[in-house]
Amino acid sequence: MKRLILISLLLISQLPIAQLYAQTTFPTQNGERIRYSSYIEMNGAYISGICVLLNEDGVIQGCLFNEFGITAIEFSYNPERNKVKLKHVIKMMDKWYIRRVLRKDIAQLMSLLYNGKTEYQNTRRNISYQFIPIIDEVTQ
Amino acid sequence: MRRYIYVLFLFCSVNITLYAQQDDTSIRRKIGQIAHTIKTMQCDFVQTKHLKILNDNMVSKGRMYYQQSDRLRWEYISPYTYTFIINKDKVLLKNNRRNDVIDVNKNKIFKEIARIMMNSVVGNCLNDDKDFKSSISVVRGEWVAVLQPQRRELKQMFQKIVLHFSQNQAIVTRVELIEKNGDKTEIELKNIRTNETINSNIFALN
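Taken in sequence, the protein lines are chains A and B.
Just so you know, the first sequence maps onto residues 1 to 140 in my numbering.
Just so you know, the second sequence maps onto residues 1 to 206 in my numbering.
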């Protein structure tokens, strides 16, 4: 019994922490948006840039673009179904096998961001993702 | 009477066309002349990325240094740091995590990026038919050049690129990059200073 109470207390004590992370690393409220400094590395090469996530009636709309402003990927993520829909992929990456990996990896990453984690490693494909929230002083 | 009006109308329209062509040519000539005299240029810039799908603007700020004819430093300061330096045949990409130096002679894509960036800074790209088909007009007291990409790689990314020139200085003050998906990035160049000495360390690749 004591053990059960202890586990319950531990779980309860972790709840606010999980919510705090979710608030800072994932847009949980309708209309909330978060910007991330993004870094994707694969086989020595990398893509860096900015990602913006917007919560629109519970569905997450996302856009990833490089530092110069060129859009690479636009997607939507349904947290309830853990599904990603790719709306736009830059021509040079627009291949069916890249889309398949992106859909799965972005869904994993979104679910991790919700839980306060900012990194995801696709060990099978040797791709690592890091999305760090930006403290945004100049955004309009 | 009708015939007279018709002839008058034709005469006027030919005149207007000729005037527009001369204007276009003289503007190009002036921009080209000024571009040759710009040995160095430095400025602050404000980049605004308009995200159509999210109805959002992302504003970033930075600083640019240019030295004729093969050195450029394009540096983002806030809200993220990122530096892109072209120094002769080398390009440095620097972010929080790593520095990468690329030899443009071994990387065709970077060679193209470096060439187009260097050509666009002072407006030399207006006379480069291989990359862009361009047209120039006068809009609200500034020269506006609309560049239509001609190469496949550029066509895949951009609908068009618009360069705004100040008439006084004949130099680029604003750049608009309009992408295929409707997103737009505006780069406004501020506090422009030309032909002042720039420390060579600014273009150092380390």
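Hints in this document: simulated from the structure, not taken from any laboratory.
The beta carbon of each residue, even a glycine, is placed where N, CA and C say it ideally should be.
Please note: incorrect hints may appear among the correct ones.
Said to hold, decoys possible - Computed Cβ-Cβ distance ranges for the label pairs, DEER-style:
#, chain 1, residue 1, chain 2, residue 2, range
1, A, 101, B, 182, 23 to 29 Å
2, A, 99, B, 128, 45 to 51 Å
3, A, 43, B, 88, 24 to 30 Å
4, B, 89, A, 43, 21 to 27 Å
5, A, 96, B, 106, 26 to 32 Å
6, A, 103, B, 101, 40 to 46 Å
What the hints assert, rightly or not - Stretch by stretch, here's where chain A covers chain B in the computed footprint (C-beta under 8 Å, at least three residues):
#, region
7, 49 to 62
8, 143 to 151
9, 165 to 172
Unchecked claim - Cut-off 35 Å, straight-line C-alpha distance, at most; resulting in silico cross-link-like pairs (DSBU-like, lysine-lysine):
#, chain 1, residue 1, chain 2, residue 2
10, B, 94, B, 61
11, A, 83, B, 111
12, A, 87, B, 108
13, B, 111, A, 104
14, B, 39, A, 104
Structure-based check of all given hints:
1. 101(A) / 182(B): 23 to 29 Å: For residue 182(B) against residue 101(A), whose Cβ atoms are near 26 Å apart, the range 23 to 29 Å holds.
2. 99(A) / 128(B): 45 to 51 Å: violated, 35 Å
3. 43(A) / 88(B): 24 to 30 Å: Between residue 43(A) and residue 88(B), where Cβ atoms are some 28 Å apart, the hint holds.
4. 89(B) / 43(A): 21 to 27 Å: With a Cβ separation near 25 Å, residue 89(B) and residue 43(A) satisfy 21 to 27 Å, so the hint holds.
5. 96(A) / 106(B): 26 to 32 Å: Since the Cβ atoms of residue 96(A) and residue 106(B) sit about 30 Å apart, the hinted range of 26 to 32 Å holds.
6. 103(A) / 101(B): 40 to 46 Å: violated, 34 Å
7. 49 to 62: holds (count 10)
8. 143 to 151: violated (count 0)
9. 165 to 172: Violated - the region 165 to 172 of chain B has 0 residues with a Cβ nearer than 8 Å to chain A, which falls short of three.
10. 94(B) / 61(B): Given pair residue 94(B), residue 61(B) holds - Cα atoms ~16 Å apart, limit 35 Å.
11. 83(A) / 111(B): It is violated: about 39 Å lies between the C-alpha atoms, which goes past 35 Å.
12. 87(A) / 108(B): Holds, because 29 Å separates the two Cα atoms, which is no more than 35 Å.
13. 111(B) / 104(A): holds, 34 Å
14. 39(B) / 104(A): violated, 50 Å
Checked against the numbered hints listed earlier, the structure breaks hints 2, 6, 8, 9, 11, 14; every other hint is satisfied.
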